[in-house]
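There are 2 protein chains.
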Amino acid sequence: MAKPIIKVHGISLSTCTARVLLCLHEKGLQYQLVPIDVASGAHKRQPYLSLNPFGLVPAFEDGNVSLFESRAINRYLARKHEDKGTDLLLSKSSTESAIVETWMEVEAHHFNGPIFAINHQRIINPLYGLDPDEEIIKSELEKLENVLDIYEERLSKSEYLGGKSYTLADLNHIPFLVYFMKTPNATAITSRPHVNAWWNKISTRKATIEVEAGMKLHLANFDNEK
Amino acid sequence: MAKPIIKVHGISLSTCTARVLLCLHEKGLQYQLVPIDVASGAHKRQPYLSLNPFGLVPAFEDGNVSLFESRAINRYLARKHEDKGTDLLLSKSSTESAIVETWMEVEAHHFNGPIFAINHQRIINPLYGLDPDEEIIKSELEKLENVLDIYEERLSKSEYLGGKSYTLADLNHIPFLVYFMKTPNATAITSRPHVNAWWNKISTRKATIEVEAGMKLHLANFDNEK
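Chains A and B, in that order, give the protein sequences. With full-length UniProt numbering applied, the first sequence corresponds to residues 1 to 226, in that order. With full-length UniProt numbering applied, the second sequence corresponds to residues 1 to 226, in that order.
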């Protein structure tokens, strides 16, 4: 019997798709990326909605396991393949894994909101012929900078956000940062020495470079702006 | 040697504090609620910031384990005390636990944002002498109703959001719903039969009733409005 193939339904440009691909590459797992024609709204119709009722990419299948929500998929992969590739949850220690979980929640509840809003203004708006709203950017950047001040302090004492090694607490940040680092607001990262060193480490990992190769939305966009 | 006492630094009125208390009550764990004088800003100063650098309640200590972020604390408690009280992560099955994780992420990324915004307008604004902004409520309610339509479909096929038994995927929703159900927008829940039946089940659990007893902000507030 053939081994079940992992299927990721999504597009490589999508940050949430990329989050799952990063985990698959860190684990060295084979998978099939099943493209979804988001331009024609295929993700808002059946049969896709049976995979993800929220109509968002990605959706995920591993044999008879069908999941959505990138961070949940990554937890599943990290736990199922704990001993393969990078140990992304440090599950062997309940204390260490709880620290990883804490910083995963920080990404989800403090970092994700403002960086999503800034990227939307800087990258998505121009795709629709709209100018970025500088008021929104200013307000969201202030929130993001407050979060990054706390990261700077954390990373002055800990090599990675989740502890002494690279985990999902770091990985989950990467997709939005890939695009953010192409915007004029990238100085929010580069001006903070420990945050910048952390970004240099996590962005040059083999898995990151492999997945980033599929994330070229920003280049076309910023070329158009010039 | 005395058994280490779990300490929750926070206030019983706070939704995120209540989220952790719900988990502790479901597990039947002893704890100490250490009150934080949020009115005087104690959560924005040391020594509290060393427990939670984001200056938000709650913070958590279990012996030498110090955590913050309510959902991370709940994962830690559910995993450490897997066999005590209610099994809140279904960790014995990687497939079942992945479904729980998926609906936990749904709560965090789809439900939390709009219900937080509505509660803020309806409950927090009046505390500061401000009228609720009906435009914000309308827009956020539309988002929440879309999410609840998906919950209605899910709950027509599954007794609980995360599967056939009560888990963190349900529990994490409770604190905001306790306040939301006292607002005029509670019909978003009561008008959907499966969502309403789910709320009736989860809101009448012994642990929920015990923790809700400390969440009386809404009563004072809505009494004042009348």
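Hints may contain errors.
The list treats identical chains as one, so a pair stands whether inside a single copy or across any two.
[As the list claims (entries may be wrong)] Okay, derived cross-link-like pairs now, DSSO-like style, lysine-lysine, Cα gap no bigger than 27 Å in a straight line:
{"id": "1", "residue 1": "Lys84", "residue 2": "Lys44"}
{"id": "2", "residue 1": "Lys143", "residue 2": "Lys44"}
{"id": "3", "residue 1": "Lys44", "residue 2": "Lys216"}
{"id": "4", "residue 1": "Lys164", "residue 2": "Lys7"}
{"id": "5", "residue 1": "Lys201", "residue 2": "Lys182"}
{"id": "6", "residue 1": "Lys80", "residue 2": "Lys182"}
{"id": "7", "residue 1": "Lys7", "residue 2": "Lys182"}
{"id": "8", "residue 1": "Lys138", "residue 2": "Lys44"}
{"id": "9", "residue 1": "Lys157", "residue 2": "Lys7"}
{"id": "10", "residue 1": "Lys164", "residue 2": "Lys80"}
{"id": "11", "residue 1": "Lys157", "residue 2": "Lys44"}
{"id": "12", "residue 1": "Lys216", "residue 2": "Lys7"}
{"id": "13", "residue 1": "Lys143", "residue 2": "Lys84"}
{"id": "14", "residue 1": "Lys143", "residue 2": "Lys201"}
Derived from the structure by calculation, the hints contain no laboratory data.
Inset, instruction - If the cutoff is 27 Å on CA atoms, where do lysine 44 and lysine 216 land: within, between, both or neither? Let me know, please. - result: within (24 Å within a copy, 41 Å between copies)
Inset, instruction - Have a look at lysine 7 and lysine 182 and pick one of within, between, both or neither, based on CA distance no larger than 27 Å. - result: neither (30 Å within a copy, 44 Å between copies)
Inset, instruction - State whether the alpha carbon distance between lysine 143 and lysine 84 is at most 27 Å within one copy, between copies, both, or neither. - result: Intra 37 Å, inter 39 Å, cutoff 27 Å: neither.
Legend entry - Up to 27 Å CA-CA - lysine 80 versus lysine 164, copy category: both (22 Å within a copy, 22 Å between copies)
Inset, instruction - If the cutoff is 27 Å on CA atoms, where do lysine 157 and lysine 44 land: within, between, both or neither? Let me know, please. - result: between (44 Å within a copy, 21 Å between copies)
Inset, instruction - Have a look at lysine 201 and lysine 182 and pick one of within, between, both or neither, based on CA distance no larger than 27 Å. - result: within (17 Å within a copy, 49 Å between copies)
Inset, instruction - Go through the copies and call it for lysine 80 and lysine 182: within, between, both or neither, with a Cα cutoff of 27 Å. - result: neither (34 Å within a copy, 42 Å between copies)
Legend entry - Alpha-carbon proximity context of lysine 84 and lysine 44, limit 27 Å: neither (35 Å within a copy, 42 Å between copies)
Legend entry - Within, between, both or neither: lysine 138, lysine 44 at alpha-carbon 27 Å: Close across copies (23 Å), not inside one copy (32 Å); limit 27 Å.
Inset, instruction - Please work out whether the CA atoms of lysine 164 and lysine 7 approach to 27 Å or closer within one copy, between two copies, in both situations, or in neither? - result: between (31 Å within a copy, 26 Å between copies)
Inset, instruction - State whether the alpha carbon distance between lysine 143 and lysine 44 is at most 27 Å within one copy, between copies, both, or neither. - result: For lysine 143 and lysine 44, only the inter-copy Cα distance (16 Å) is at most 27 Å; the intra-copy one is 32 Å.
Legend entry - Within, between, both or neither, where lysine 216 and lysine 7 count as close if Cα-Cα is 27 Å or less: Classified as within; 22 Å inside a copy, 47 Å across copies.
The structure fails hints 1, 6, 7, 13 (numbered hints given earlier, in ascending order).
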